[in-house]
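Protein chains: 2
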Amino acid sequence: MKKFINTPATYLMDSLNGFAAAHADLVTLHLEPLVLTRRERQSKVALISGGGSGHEPLHAGFIGHGMLDAACPGQVFTSPTPDQMIAAAELVDTGAGVLFIVKNYSGDKMNFEMAAEMLSTSNATVIINDDVAVENSSFTTGRRGVAGTVIVEKIVGALAETGANLEDCRLMAEHVNSRLASMGVALKSCIVPAAGTPTFNLPDDEIEIGVGIHGEPGRRRSPMASASSIVAELLGAILADLKPEAGVEVLLLVNGLGATPVSELYLLFNDARCQLEQRGLRVSRSLVGNYTTALEMAGASITLCLLSKELTALWDAPVHTAALRWGV
Amino acid sequence: MKKFINTPATYLMDSLNGFAAAHADLVTLHLEPLVLTRRERQSKVALISGGGSGHEPLHAGFIGHGMLDAACPGQVFTSPTPDQMIAAAELVDTGAGVLFIVKNYSGDKMNFEMAAEMLSTSNATVIINDDVAVENSSFTTGRRGVAGTVIVEKIVGALAETGANLEDCRLMAEHVNSRLASMGVALKSCIVPAAGTPTFNLPDDEIEIGVGIHGEPGRRRSPMASASSIVAELLGAILADLKPEAGVEVLLLVNGLGATPVSELYLLFNDARCQLEQRGLRVSRSLVGNYTTALEMAGASITLCLLSKELTALWDAPVHTAALRWGV
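Protein chains in written order, with this note's numbering: chain U, 1 to 328; chain H, 1001 to 1328.
Be aware that one or more of the hints could be misleading.
Claimed, not checked - Covered by chain H, according to a simulated footprint, are these stretches of chain U (three or more residues, beta-carbon under 8 Å):
{"hint": "1", "stretch": "19-25"}
{"hint": "2", "stretch": "54-62"}
{"hint": "3", "stretch": "224-233"}
{"hint": "4", "stretch": "251-264"}
{"hint": "5", "stretch": "268-280"}
{"hint": "6", "stretch": "296-309"}
These are calculated hints, taken from the structure and not from any lab test.
Note that CB positions come from ideal geometry on N, CA and C, so glycine has one too.
Full structure from sequences and hints, please.
Pasting the structure below:
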């Protein structure tokens, strides 16, 4: 296993300590339980997310103005625990309540549910399940939550900054989730540090279409293919799910899974944008980069979000986090 | 070869078309010759860089307010041609002259020199050679120019926005270059699309200390080691070159070479920061991410820049580019 680590046991804390030091203007790292909170406090609905580590910059990289107020990192590919979520809520609640944004994995759902029940502060939860690749998977019942989560966090984060109440924030998160669809593809597996061996094995000339962000199986193995035919397959599944009307404006996110260089992500973006415009859709907003990774997996995912005037304005609103920043 | 490409021959244009479409608010892509220019024009010294492709987001990702006015992308790992540089200069010169920022590779130097001689507009050139790994290399005489180039482009870009003249911009670029040192390490080779096979072969348990951003050999092959011992070796070489006085403030850049996830880069940052502070240096500014890559090479580099009040203020000045953005 060739990784930049000291020991598998210290990997998470070494990485989080680096993150917290590099972004000390934005976040505070709390220990026992492990929580990252936003440095600048504001009286508004608090947004909290979390999940297994290994998907960086998700979620800690999205703490800051216009997005999250706290993140709860679990061990690699392992749900955080209810005490982390409770501590996070108590640290960032300003009286307006707490919205938990949870990717649809059984462990995360169960632990966030437990935390929600134990919390005395008012709270609500939204489950993100944007991955159209498969129904039910290794770690979950129903569709998985993947890179579309970033779009939910951005849009609901902007709404929360306007002073919207908890129920309106929850409804907006549900609304965005209903207009999101994603699908990924792997060229090479990742290696979980504690395991030390690849999560799955792909022959040198095969790819996994519909892979999950923990290396869960997708729809099928396929021989290596051209970028445009891979994009066509991902977009086909995404559009079959979203069924957008012609002429609708979309946000196109091309997300790297960790080991794919940005030049290839822009190449995928180019193919995806051309194919969408050929189908009469207009890519009016875009995001290209590593936003929801799977350790050092080589691969990428495509996410579409159907926009409206309201969603576009919330997407464009200022954001200041470690991984996403504009307008401030 | 598993890459997201259509054909090796179309790789560069497909990727650049995606980049230009995703950042149409910032850049304009010109064909024949291939040049990217900044959309928003301003009367000031124009900064132009360029070099072989495969190092994205360098250089096109740094076009915009507070950094570059144009970039000339060559084919992968191949210098751009003088006609690109001349076209770039003619497109962005506003009468205040043009500064060429050139990484120290023989092909780039020769072609930028030729362009400079043929240009009627006033111009100057600075050669960046921050890589302390080796003297002389596969593609160059003297030290290579690597990730420190981003710091030169940022600081001189900020100075140019203040209305500084060409000679002052050139002197500042030389000054920053003299206070920069970098060294990299590879865990895995990249594959040049047109070649289709790895540039070099590393056994499963070995790393290349001091690797260049085209896969040039470094100082030595070493068995895989802990992150902190790798960091110690890179910092040792960097500090032996810079010989900073105790108490000096530094900018610490941990740069990914393409296939290393940001969680590992933050882990390297954590080790580097702790080791620097133990030596009495203060990391007052930092940057962690993929800024100067080598296609899909797994690996990272560390760059230190010795700061001063003036350099810190220029580093902090607003910047709005595809890959670096703050304050606007």
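Are any of the numbered hints broken by this structure? If so, which, sorted upward?
none
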